[in-house]
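Asker: So the chains spell out like this:
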Amino acid sequence: MLDIKNLAVSLEEEEKQILKGVDLKIGAGEVHAIMGPNGSGKSTLSYVLSGKDGYEVTGGSAELEGEDILEMEPEERAAAGLFLAFQYPVEIPGVGNMTFLRTAVNAQRKARGEDELSAGDFLKVVRAKAKDLKIDADMLKRPVNVGFSGGEKKRNEILQMAMLEPKMCILDETDSGLDVDAMKLVSHGVNALRDEGRSFLVITHYQRLLDHIKPDVVHIMADGKIIKTGGPELALEVENNGYADLLAEVA
Amino acid sequence: MSADAAQTENRLDALATLATGWSAEARANALARLREMGLPTKRDEYWKYTDPTTLASEAVTEAALYTEQDTPLFDDIDRLKIVFVDGVFDAAASDDLSLEHVEIMRLSEAAAADIHWAKPLYGVLEANGQTPVARPLAALNTAMAEDGILIRVTGKASKPVSLIYKHLATTSEAILHHVVKLDEGAELTLTESGPAAARFNKVLEVDVADGAAFHHVRGQGRDHERRAVTHTFARLGKESVFKSFTMTANGVLTRNECVIELNGDDAHATVAGAAVGDGVFHHDDTVFITHDALNCESRQVFKKVLRNGAVGVFQGKILVKEGAQKTDGYQISQSLLLDEDSQFLAKPELEIYADDVACSHGSTSGAIDEEALFYLQSRGVPKDQAQDLLVLAFLGEALDEVEDETLSDSLRAQLENWLSKRSHG
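So the sequence lines, in the order shown, correspond to chains A and B.
Per our numbering, residue 90 is the first one in the first sequence, and the count goes up by one each step.
Per our numbering, residue 346 is the first one in the second sequence, and the count goes up by one each step.
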């Protein structure tokens with residue numbers, strides 16, 4: 090599904106290397122987790138993959154189902170099936186959540202040469218999916234993320250994911266700012282989307298999210314590289330011992 | 346004598362011969378006012394940000410016709426249509442001028458009579474609006490307007506009256522002067538749309554009696570080369586409502602002045618505008634609101650989106666006279682600059698002589714929110730479309746001031762349409 094080879098990235102504004110050769114291969118239907126200390130480059134990886142400005146790829150490649158995504162515009166990557174659930178979802182005053190969702194869904198359908206969904210069909214689908222995530226009619230009407238609580242914003246991200254049905258989902262610290270109940274709700278939403286044709290990359294600081302979204306593979310990232318890869322037990326090791334031991338091991 | 350002054354003298358001499366009928370005195374008075382004031386020049390403080398040369402000159406700058414087939418604004422709305430072509434009333438294209446509770450007459454016909462209800466208003470509200478700031482181009486209009494519409498509303502009008510201005514000659518000048526009088530408790534919605542002429546000088550005087558409501562919705566279309574100077578003068582009685590909204594897209598030069606006097610207690614006035622300018626575009630909103638009664642509310646909400654060197658100007662003033670207690674005055678002017686070549690100049694002013702009032706004003710200039718743009722793109726929305734969505738969201742706050750949902754939907758749809766065309770060249 091996603092194939093990242095020796096990816097090197099620096100900031101555009103300053104000569105600072107953030108990713109120093111990341112290798113990551115995620116098969117169809119797999120759930121991978123990336124853990125790592127602050128500043129290790131986890132969020133940068135998610136931004137570079139989704140096409141945010143401000144980063145310069147200085148080496149390596151990233152392919153989604155065999156297609157080079159690094160040259161694509163962010164909207165092309167989205168239409169190709171990539172989705173990033175933001176750590177800090179953006180507030181957009183004046184744009185209704187429903188309008189936003191419908192515009193996004195139809196833009197992707199159009200890009201893929203599919204017919205746009207009618208207003209009625211769209212409404213039916215969005216209501217059903219919103220209900221699963223306990224998103225009420227009021228949240229759908231309000232401007233995108235404006236005045237939403239932390240938990241509401243994250244549920245709104247998952248709703249977008251459910252509506253857009255991407256192939257490759259990247260969750261950037263989706264657990265940050267969530268209480269236990271909200272985390273369960275969000276995890277439940279993610280698990281409902283697990284499918285043999287859909288892959289996940291879950292970026293997190295804490296093992297607890299991985300109790301709910303069970304990964305197949307866990308990677309540890311530090312200083313712009315993946316320094317260790319293992320099974321779910323690796324996350325438990327981090328939870329118990331912190332990153333210090335792992336970092337020492339590599340050094 | 347300077348070239349400017351000589352030109353002014355020539356114009357005024359030509360004007361002096363125009364007046365006939367009941368309007369003769371009003372025209373003669375306006376001419377005297379104009380001689381006193383002189384035509385505006387860019388050295389005038391009130392014209393600091395907008396060069397009036399091509400609005401005041403004797404010769405009209407040529408304006409190519411706008412030939413793109415846009416759907417006309419308000420096309421789908423049931424209304425009484427009154428059409429002017431290059432400033433001349435077109436009876437064949439207009440509806441029958443009859444509507445229940447509404448008397449409609451052409452200025453050119455009414456002016457020949459000895460007496461008319463418009464006599465105490467024509468040029469009178471304009472003259473009141475000449476202090477403390479002179480508005481010579483409005484006086485010029487009163488003196489030389491060839492035509493216009495006089496509307497008297499005695500009850501609740503069942504549908505909007507719509508003034509449609511067509512532009513068919515490349516060097517035409519349209520000078521129109523309209524007067525609207527709303528009797529006690531009357532209600533009218535007036536719409537205006539179309540470029541009117543290569544150069545358009547329009548005055549609208551509105552007298553809103555106690556408990557009456559006047560809604561004004563105007564669209565200044567996408568035609569690029571037109572020039573316009575418009576003045577709206579309104580006088581508000583007790584518990585009356587005046588709401589005016591203008592949507593502008595492109596146009597070389599536009600100066601829209603709005604002068605409102607709140608004379609009766611508990612009156613409400615809103616003046617709002619949304620403008621999008623691309624390239625050679627200069628748009629100036631100049632508003633002067635005077636509170637002269639108790640417990641009145643006024644709102645000014647102006648939003649401009651500018652790109653490729655477009656210039657936006659806002660001069661807005663709230664004057665609260667002594668004794669106008671419990672005044673609630675609000676003013677906001679904001680611009681969204683889509684590139685570094687565009688410019689927004691704002692001059693908000695408050696002048697308050699009462700001690701129990703709430704007045705606020707704010708003015709901002711900003712770029713498009715890159716985070717929001719990326720967020721939309723990351724969801725698959727192409728960059729142009731994402732930008733249009735954010736632009737519409739920005740202008741939405743001004744559009745929300747239009748009370749009638751049918752009209753605001755029509756404006757929104759047209760704006761969306763205009764934006765999508767612009768994005769693709």
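Treat the hints as calculated values from the structure; they're not laboratory data.
Predicted model only: the values in this text are computed from it and were never measured.
One thing to keep in mind: the hints can contain errors.
Said to hold, decoys possible - Listed below are the simulated DSS-like cross-link pairs for lysine-lysine, each with C-alpha atoms no more than 30 Å apart in a straight line:
{"#": "1", "chain 1": "A", "residue 1": "LYS218", "chain 2": "B", "residue 2": "LYS728"}
{"#": "2", "chain 1": "B", "residue 1": "LYS728", "chain 2": "A", "residue 2": "LYS105"}
{"#": "3", "chain 1": "B", "residue 1": "LYS583", "chain 2": "A", "residue 2": "LYS230"}
Asker: Quick check: which numbered hints come out false for this structure?
Answerer: 3
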